[in-house]
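Asks: The hints should help you fit chain B onto chain A, whose structure is shown.
Below are the chains, spelled out letter by letter.
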Amino acid sequence: MERQVRVLLLDDEPIVGKRLVPALAKLGVETESFTDPEAALRQIAQKDFDIVVTDFRMDKMDGLEVLKRVLQKNPRTKVIIITGYATLEIARQALAIGAFDFIAKPFKPNDLRNIVVKAARALGYKVKDKPEDSSSANGDPDRELSGS
Amino acid sequence: MPVVTLSSDSHPLGREIAVRAATALGYDCVDREILSAVADRHDVPETDLHKALEESPSPFGISSKNHARYLAYIEEATLAVLLKDHVVCSGLAAHLYVRGISHVLKIRILADPQKLAGEISSGRTPSFEKVSALLKRRERFRRRWSLAAYRVDETDPSVYDMVISLTRIDPDEAVQTIVETTGYRKFQPMTYSLKCLKDKALASRVRVALIDRFPDVRVQADGSSVVVQTKALEREKQKKTEVIKKLAGEFPEVAAVEVQILPDIFRKAAESFR
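These protein sequence lines are chains A and B, in that order. According to our numbering, the first sequence is numbered sequentially starting from 1. According to our numbering, the second sequence is numbered sequentially starting from 1001.
The following block holds chain A by itself, in its conformation from the complex (with noise of 0.2 Å):
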């Protein structure tokens, strides 16, 4: 049986993974969130993700640091960049670095999802499109989320 997708989500607003987190579980992906690079990236080090999503703009390390140690454990992982602070210059060169997508804030927890959807099916999940159910104990599921 195939094993669940894994989903590590790093963004050091609370509220970020808060939200995200019951949206992504729709999918049927196992999630775990951190606020603390240092600590997603140990994380990172002991267990295998599929896919990994990190805001940009963090305190103690950038989100294209993070995509370069994770893509140095293992090449396969999907790494999604979110930001509040897009530019063409961060997003290509997020993307030269081997970043899987960009996404800028604000955005809503379906258009996350859809590109969970579309990293998962690049390594050969099968997952479904829709999220099982769309209402949500943290309010509107499509309400947008945004932040640095």
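The set of hints was computed from the structure by calculation and includes no laboratory data. Idealized CB from N, CA, C, for every residue including glycine. A few of these clues could be false.
Using 16 Å as the maximum straight-line C-alpha spacing, the simulated EDC-like pairs for lysine to aspartate or glutamate come out as follows [said to hold, decoys possible]:
#	chain 1	residue 1	chain 2	residue 2
1	A	K105	B	E1258
2	B	K1115	B	D1009
3	B	K1198	A	E38
4	B	K1195	A	D12
5	B	K1106	A	E89
6	B	K1245	B	D1264
7	A	K108	B	D1222
Just some of the chain B residues that point at chain A, by a computed CB distance under 7 Å [to be verified]:
#	residue
8	S1102
9	K1106
10	R1185
11	P1189
12	M1190
13	T1191
14	Y1192
Replies: Same frame as chain A, but now just chain B:
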């Protein structure tokens, strides 16, 4: 796949390279042929659309109002084509309005000066001094045109991802370089860059819907929200805001319209002298 915009100091040469690059990539090539459909759609003379791309507004040529209107029509049509992807675009000034989008590869082709001078002076081969003066004058003109139309200096190399001089590089090598560069990861489309292009396309459509009534209108889109900026006198504010909200709100993709009215200081001053 990336979109390629190709501009050149020689339109025929830019077009030739664009066609060859598009063929090599298996892309569509979009050039000034689309102007005939644009002219039909907006019921304006096609020759005026060509003029708007070549000439600055003047009392004896195209008025400033029409110049802005024609360029807005061209921009809207071009962005609609670019959204389809797999396109090489030349001759439509896209390098000046499709900026900040990471999957749009912007190329500038510089013609051999001697050949360009021959092209400008209808086949005659002028002296070196004349060539130099002619090209400098033309460059000054294009700089003024692009700054007036888009506030961007098209002769500035930093506008482009790559500038290729055909004095030193053969056309075949130029095409090959363009094809290879489109393969770089950094120029591949991503969710962010596709959204930016979609936002620009929506903003251009809304602007076209408003520009006849509000010639100075500026529009920005972010998803389903648009911000419209125009100038007005204090007494016109409310009415203009209502009309803009109504016209922009007619687009099914638009959920929210913010109207920013800036004081029209010139008209205010003109009225105060009456």
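Asks: With reference to the structure, classify each hint as holding or not holding.
Replies: Okay, the hints, checked on the actual structure:
1. A/K105 / B/E1258: violated, 20 Å
2. B/K1115 / B/D1009: Since the Cα atoms of B/K1115 and B/D1009 sit roughly 11 Å apart, the hinted pair holds (cutoff 16 Å).
3. B/K1198 / A/E38: Given pair B/K1198, A/E38 is violated - Cα atoms ~36 Å apart, limit 16 Å.
4. B/K1195 / A/D12: violated, 25 Å
5. B/K1106 / A/E89: holds, 14 Å
6. B/K1245 / B/D1264: violated, 19 Å
7. A/K108 / B/D1222: holds, 13 Å
8. S1102: This interface hint holds because 4 Å falls under the 7 Å limit.
9. K1106: Interface hint status for B/K1106: violated (11 Å vs cutoff 7 Å).
10. R1185: holds, 5 Å
11. P1189: violated, 9 Å
12. M1190: Holds, because the Cβ-Cβ distance from B/M1190 to chain A comes to roughly 5 Å (cut-off 7 Å).
13. T1191: holds, 5 Å
14. Y1192: Holds: closest Cβ of chain A sits about 5 Å from B/Y1192, inside 7 Å.
The structure shown violates the earlier hints numbered 1, 3, 4, 6, 9, 11.
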